[in-house]
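Start from chain S and add chain A according to the hints.
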Amino acid sequence: MITLQHYLILAAALFCIGLFGAVTKKNAIAVFMGIELMLNSVNINLVAFNRFLAPAKLTGHVFAIFIMVVAAAEVAVGLALIISIYRHRKSTAVDDLNLLKW
Amino acid sequence: MDFSAVTIEILVALLGLVLLVTGLLLPPDHKKANGYIAVVGLLGILAFSLSGDAGRSGTFLYGLYTLDSLSKYFKEIFMIAAILVILMSLSYTKRFREGKGEYFSILLFALLGMMVMVSSNDFITLYIGLELMTISFVILTAFDRSSLKSSEAGVKYVLLSAMSSAVLLYGLSIFYGLSGTTEYAGFITCLQSGGLGPALILAIVMVLAGFGFKISAVPFHMWSPDIYEGAPTPITAFLATGSKAAGFAVLIRLLLQVLPSQHVNFSGIIIMLAVLTIIVGNLIAIPQKNIKRMLAFSSIAHAGYILLGLVAFTGMGVGAMLYYIFIYIFANAGAFASVTALSNITGSDEIEDFGGMWKRSPLVTAVLMISLLSMAGIPPAAGFVGKFYLFASIIKEGYVWLALVAIGMSVVSLYYYVMVIRVMLTGQVKSDEPVTVPASLKTVMVVSSAATIFLGVYAGPLTSWTSSVASMFVK
Chain S
49 MITLQHYLIL
59 AAALFCIGLF
69 GAVTKKNAIA
79 VFMGIELMLN
89 SVNINLVAFN
99 RFLAPAKLTG
109 HVFAIFIMVV
119 AAAEVAVGLA
129 LIISIYRHRK
139 STAVDDLNLL
149 KW
Chain A
275 MDFSAVTIEI
285 LVALLGLVLL
295 VTGLLLPPDH
305 KKANGYIAVV
315 GLLGILAFSL
325 SGDAGRSGTF
335 LYGLYTLDSL
345 SKYFKEIFMI
355 AAILVILMSL
365 SYTKRFREGK
375 GEYFSILLFA
385 LLGMMVMVSS
395 NDFITLYIGL
405 ELMTISFVIL
415 TAFDRSSLKS
425 SEAGVKYVLL
435 SAMSSAVLLY
445 GLSIFYGLSG
455 TTEYAGFITC
465 LQSGGLGPAL
475 ILAIVMVLAG
485 FGFKISAVPF
495 HMWSPDIYEG
505 APTPITAFLA
515 TGSKAAGFAV
525 LIRLLLQVLP
535 SQHVNFSGII
545 IMLAVLTIIV
555 GNLIAIPQKN
565 IKRMLAFSSI
575 AHAGYILLGL
585 VAFTGMGVGA
595 MLYYIFIYIF
605 ANAGAFASVT
615 ALSNITGSDE
625 IEDFGGMWKR
635 SPLVTAVLMI
645 SLLSMAGIPP
655 AAGFVGKFYL
665 FASIIKEGYV
675 WLALVAIGMS
685 VVSLYYYVMV
695 IRVMLTGQVK
705 SDEPVTVPAS
715 LKTVMVVSSA
725 ATIFLGVYAG
735 PLTSWTSSVA
745 SMFVK
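Quick note, the sequences are listed as chains S and A, same order.
Counting from 49, one number per residue, gives the positions in the first sequence under my numbering.
Counting from 275, one number per residue, gives the positions in the second sequence under my numbering.
Keep in mind that the hints were calculated from the coordinates and are not lab data.
Just to be clear, a hint being listed does not mean it is correct.
[As the list claims (entries may be wrong)] Straight-line distance between alpha carbons at most 30 Å, and here's what the computed DSSO-like set of lysine-lysine pairs gives:
#1 A:Lys423 / S:Lys74
#2 A:Lys306 / A:Lys423
#3 A:Lys368 / A:Lys704
#4 S:Lys73 / A:Lys306
#5 S:Lys149 / S:Lys74
#6 A:Lys704 / A:Lys423
#7 S:Lys73 / S:Lys138
#8 A:Lys306 / S:Lys74
#9 S:Lys74 / A:Lys633
#10 S:Lys149 / S:Lys138
#11 A:Lys563 / S:Lys74
#12 A:Lys633 / A:Lys716
#13 A:Lys704 / A:Lys633
#14 A:Lys368 / A:Lys563
#15 A:Lys368 / S:Lys138
#16 A:Lys716 / A:Lys423
#17 A:Lys563 / A:Lys633
#18 S:Lys149 / A:Lys563
#19 S:Lys149 / A:Lys670
#20 A:Lys670 / A:Lys563
#21 S:Lys138 / S:Lys74
#22 A:Lys423 / A:Lys563
#23 S:Lys149 / S:Lys73
#24 S:Lys138 / A:Lys423
#25 A:Lys716 / A:Lys670
#26 A:Lys368 / A:Lys633
#27 A:Lys368 / A:Lys716
This one's a predicted model, so the numbers in the text were calculated from it and none came from an experiment.
The following block holds chain S by itself, in its conformation from the complex (with noise of 0.2 Å):
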């Protein structure tokens, strides 16, 4: 039997697993892999707390939902903006971007 618990443990290690590639990963598109992860288990708590906890009402599905549009935009933009980096230093590289800094 599945329960509530489980699907919390199993977004929570997403959660961190996603954390710790967005901070050690050297590539900004490993880098967005690891924000990916971070937002997917927040969708897995919300669908689950929605199933277990009010299932009348679909309102974490709709949280999830908008969670995923505003995701897929956020990478647009930054897609973009790796690309525009790269054409500049033929790198993605987040070590590289290293004009601004102290």
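Below, chain A without anything else, positioned relative to chain S:
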């Protein structure tokens, strides 16, 4: 459905869409006209909002959206900031190779996002407003495609803000799980039943981290110096004023209206954030060589001062915050307009390039001086009155040590502000070329320094306005 609660938002959205069309229709050499349309339109909407026809209060869409005196106050502040920023941009957009028409439209959508944020009465609406603002700001930050710094700032901003909103969302999902609803009203009812335990505290911490990023409170401040330096200067001004004010508006609403029953759990976190922000912001501003970076750290320090109003957690504290945010917008607009005027000529933002500025342009010197002295809190500029109210509100609640820290760091801040003034008055003159200031920029400079002086000398009307707004939070 009562649409009168969202009239202002509808008008701003319409204006943004109109600008998108006119931006395409205008001939390439006259894209600047789009900026004038935006200024005139926004002035009209601001007058409409101030005249009170837009409704005093009300809710929209089954209570998901609310118009009250707090959101109305902030919307008017955002519009003033946007008008000043658009005026600043008029002379700046000639640097952009393309998209001169779209620039103003995206700026208005950022404004719309802020308005949705302050009016939201529901976590989903809040998130949508936040992201509308953030994504628009990312585009604006990276708008100068000829500058590698600008693109780099854009990438950094999008990565870090996406990460911060993921943390914020995790907190919001826990809120939803605890209460089964995303509406503030239902959530407040659920909190009153009590006994929510550590999960609630975790969620509060995550939400505070998410908005701490927006207001650039230490330790969530690392993005702001880089983004402030890389972004086009008018956008830096908008980030420092509008985006920060929006973050504070949401924090005021969440902490004082939704979560006041949990005050004992988060008051320590707020105090820690405020102390760290004031100290770190002021100390790291000292060695900065780039004026935009220096102003970024000074704006971090100011976020710390404004946080003091949340430490006080009273109507008086909120009133002081509202007042401070208002005058802070004018001080920042004046400072960034001066920086824009100089960088239009030299293309550089280094402090040493301000050397001998009073010979080249007395106006730029005077405006920058007034703005910096206001930020430092020297009377008769308005910053003094603002700081006085903030510090008085925490002393009244018994945080004398905190007020002493803030006053001490305020003295430290005087050092790096006066350094800039010293360079302007006595520094080495780099070039004799006079700095000509375009009329639009001149307007911003004159209006903002006049407002700074006026509100410092005659603060009465504004304080009675802010305290009437804040009276909804009197315990």
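Evaluation of the provided hints:
no.: 1; hint: A:Lys423 / S:Lys74; result: 19 Å, holds
no.: 2; hint: A:Lys306 / A:Lys423; result: 24 Å, holds
no.: 3; hint: A:Lys368 / A:Lys704; result: 24 Å, holds
no.: 4; hint: S:Lys73 / A:Lys306; result: 42 Å, violated
no.: 5; hint: S:Lys149 / S:Lys74; result: 17 Å, holds
no.: 6; hint: A:Lys704 / A:Lys423; result: 24 Å, holds
no.: 7; hint: S:Lys73 / S:Lys138; result: 18 Å, holds
no.: 8; hint: A:Lys306 / S:Lys74; result: 40 Å, violated
no.: 9; hint: S:Lys74 / A:Lys633; result: 48 Å, violated
no.: 10; hint: S:Lys149 / S:Lys138; result: 20 Å, holds
no.: 11; hint: A:Lys563 / S:Lys74; result: 29 Å, holds
no.: 12; hint: A:Lys633 / A:Lys716; result: 17 Å, holds
no.: 13; hint: A:Lys704 / A:Lys633; result: 11 Å, holds
no.: 14; hint: A:Lys368 / A:Lys563; result: 26 Å, holds
no.: 15; hint: A:Lys368 / S:Lys138; result: 28 Å, holds
no.: 16; hint: A:Lys716 / A:Lys423; result: 27 Å, holds
no.: 17; hint: A:Lys563 / A:Lys633; result: 22 Å, holds
no.: 18; hint: S:Lys149 / A:Lys563; result: 12 Å, holds
no.: 19; hint: S:Lys149 / A:Lys670; result: 40 Å, violated
no.: 20; hint: A:Lys670 / A:Lys563; result: 38 Å, violated
no.: 21; hint: S:Lys138 / S:Lys74; result: 15 Å, holds
no.: 22; hint: A:Lys423 / A:Lys563; result: 16 Å, holds
no.: 23; hint: S:Lys149 / S:Lys73; result: 19 Å, holds
no.: 24; hint: S:Lys138 / A:Lys423; result: 15 Å, holds
no.: 25; hint: A:Lys716 / A:Lys670; result: 41 Å, violated
no.: 26; hint: A:Lys368 / A:Lys633; result: 26 Å, holds
no.: 27; hint: A:Lys368 / A:Lys716; result: 17 Å, holds
The structure does not agree with the numbered hints 4, 8, 9, 19, 20 and 25 stated previously, though it agrees with the rest.
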